[in-house]
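Kindly generate the complete structure, drawing on both the sequences and the hints.
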Amino acid sequence: MSTVIMNKDKNVSNHHQKLTLAKFKPKQKIVYQTNNLNLWYDDVHALKNINLSIGHQEVTAIIGPSGCGKSSFLKTLNRMVELVPGVRITGDITYSGKNILSKSFSVEELRTQVGMVFQKPNPFPKSIYENIAYGPKIHGIRNKKILNEIVEHSLRRAYLWDDVKDRLKQNAYDLSGGQQQRLCIARCLAINPDVILMDEPTSALDPNSTLQIEELIKDLKKEYSIVIVTHNMQQAARISDKTAFFLHGEVIEYDQTNLIFSNPVDKRTSDYINGDFG
Amino acid sequence: MDYIDKSIIMKKINTRRWMNGFARGLFFLATSFGLVVLLILIARIISQGIGWINMDFLTGKLSTQVDKAGIFGAVLGTFWLMVVVAPITMFIGVCTAIYIELYMKKGKFKSIIQTNISNLAGVPSIVYGILGLTIFVRLLQLGNVVLAGGLTMSLLVLPIVVIASQEAIRAVPTHLSEASYGLGATKWQTIRNVILPAALPGILTGAILALSRAIGETAPLVVLGIPALLLPFPGGILDKFTVLPMQIYYWTLDSSLTAEYANLAAATIITLLFFLFFLNATAIFIRNKFQKKY
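Protein sequences appear in the order of chains E and X. Following numbering that gives the first Met the number 0, the numbering of the first sequence begins with 0 at its first residue and continues without gaps. Following numbering that gives the first Met the number 0, the numbering of the second sequence begins with 0 at its first residue and continues without gaps.
Please keep in mind that the hints were generated in silico from the structure rather than gathered at the bench. Everything numeric in this text was worked out from a predicted model, so none of it was measured. All the given hints hold, so there is nothing to weed out.
With a straight-line cut-off of 27 Å between C-alpha atoms, the simulated BS3-like cross-links for lysine-lysine are:
(1) X:Lys-107 with X:Lys-186
(2) E:Lys-143 with X:Lys-186
(3) X:Lys-288 with E:Lys-125
From the structure, some residues in chain E lie toward chain X, with a derived Cβ separation under 10 Å:
(4) Gly-114
(5) Lys-136
(6) Arg-186
(7) Leu-196
Every residue gets a Cβ at the ideal spot worked out from N, C-alpha and C, and that includes glycine.
Here is the structure:
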C-alpha cells in the first residue's frame, strides 16, 4: 500500500519537473527564477523547496488557502518578507540574471525594479500628488516639471487621472477605496518598475472597483510582469496567464491558467478549485 | 420541571437592587472626593491671590515691600529653563525612542532598557537634583545657572518624552512604512518621510506634557541651590535664575513671618497654573487637530 502511494507521489513530482521545464518555450523571457527556495519564520517552515519561473510580461497568479505561504512567497520576491523578525531564507532567487538574495544586492535597488501593491489600499496621509511623487522623490528627482509629468503619466496609466486631475492637492484619504487602490498602483508605476507584485489587491474592494482593477491589470501586463496573489479563483482564471497552486508551503501545481482550471493534474488542486476545501 | 424557584428570586431581588445602587454611589463618592478637594484648593488660592495679580506684579522685580513685589524674574527664569529643556528633551528623547522602537532587535537587552526607562520615570525628582548638583554644578563647574538647572530638568523629564514618543511611533500603522519600503526607500527615508510625520502629534503631546512637568518641578532646583531672592533678571542660559515654583516655595516659607507673603504665593500659584493650563490645552489641541485616521 505504502509503495503505491510513494510511486504515485513520485509520478506527480516527475510530472511537475516536466511541467516546469516544458511550460516555457525557449524563446520566452523569464524575469524570476527561484531555486530550492525555503523560508522559515523562527521554527515555522513556511516555504518548502519552491522552484518557480515567472514569465516576462505575463500575469502569474498564486492561489491557495490561507496560510499556504503564497503571501510569504510574494514578499520574498522583493525581500519585504525580511521586515518580519526571525525570518530565515535559503536557496536562491534569480531576477534578471542576478541573485537577489546575495548580501551584496541592495534591497532598495531591487524595489525600484519590483513594485508592490498591498492587500489594503495604503496611501500615505498626504496629498494625491505627494503620494505619486513620493517614489521619484526618494530616488532623488527634484525637478518640478519632471515630477509633474511622472504624476500625470502614472495617474493616467492607472485610469485615475480624470477622477483626480482637479484635486491633486487633496488628501488621498478623501478617495474611495477603489480609487485609493488605483492610486497605490499609480504610486508603484511612478518608480517605473519592471515587475509589479500584488498581494490580494482587490480583497478589500467592492465588485465594481474589483472589475476596474482587473481591467487595469490586463492592460498593464503589456508593459509589466505581474505576480498576483489572490483568494478569488475566478479572478485568477480571468486575468492570469499562469497559475501556481500553493498548499502548506509547497507548490502543488504550476501551469497555464486554462490548464490548471480545466484539467488539474493533482487531486488537491481540483479539490481546491472546486471549493471542496480551503 | 422548574430549575428556578421564582419565590427565591423575588426574595433576593431587593438586596440585589440595593447593592446595585450602593456600588454606583461608592464610585460617585470616590470620583467626587478628588474633584471636591481640588475645587476647594483652587477656590481658596484664587480668592486669596487674585486681588494681588496686576501688571506690576507680573512685570515687577522682587521687593521686600509686599505690595511692590513682582515675579517677572521668576517668569523669565522659567522661560529660559524651557529654552534649555525643550530642545534637549525633544532631540534626545525622540532619537532614543526611534532607536528602541525601530532599530533595536527584540531580546533581553531591549527589555532591560525598556524596563529601566519606565523605572527612571518613577525615580523621585530630588534624586535627579542630587545628580545635577554633582555633575553639572560641581563636576562641570557650571554653577547654579539656567544651563545646569535645565540639564537636570531634562534628565528628569526625558523618560516621559521617550515613552510618549515610543507609543506614538508604535501607533503608526505598519502598512504605511511597508508602502515606503516597497518603493525602495531606505529605513531613514521611511522614518523621516512617513513614520515621524505620522507620529508627530503624539510626540508633541508627550513633549508638552513633559515640559509642563518641568515647569512645576521644585525639588531638584532646591537641591541645586537655586535662590528665590534674586534681583537681576536672567538674560541668558548662563545667568543665575529662579523659577515660579521656587518663588512659591520661599514665599510660603516666609509667610510664617510676614503673613502677606502667603497672598503673593497664592498669586504666583495662579500664574503658574495659568501657564500649565495653557500648555495642557495646547497638547489637547494638537492631539485633536492632528489625530489622523488611517
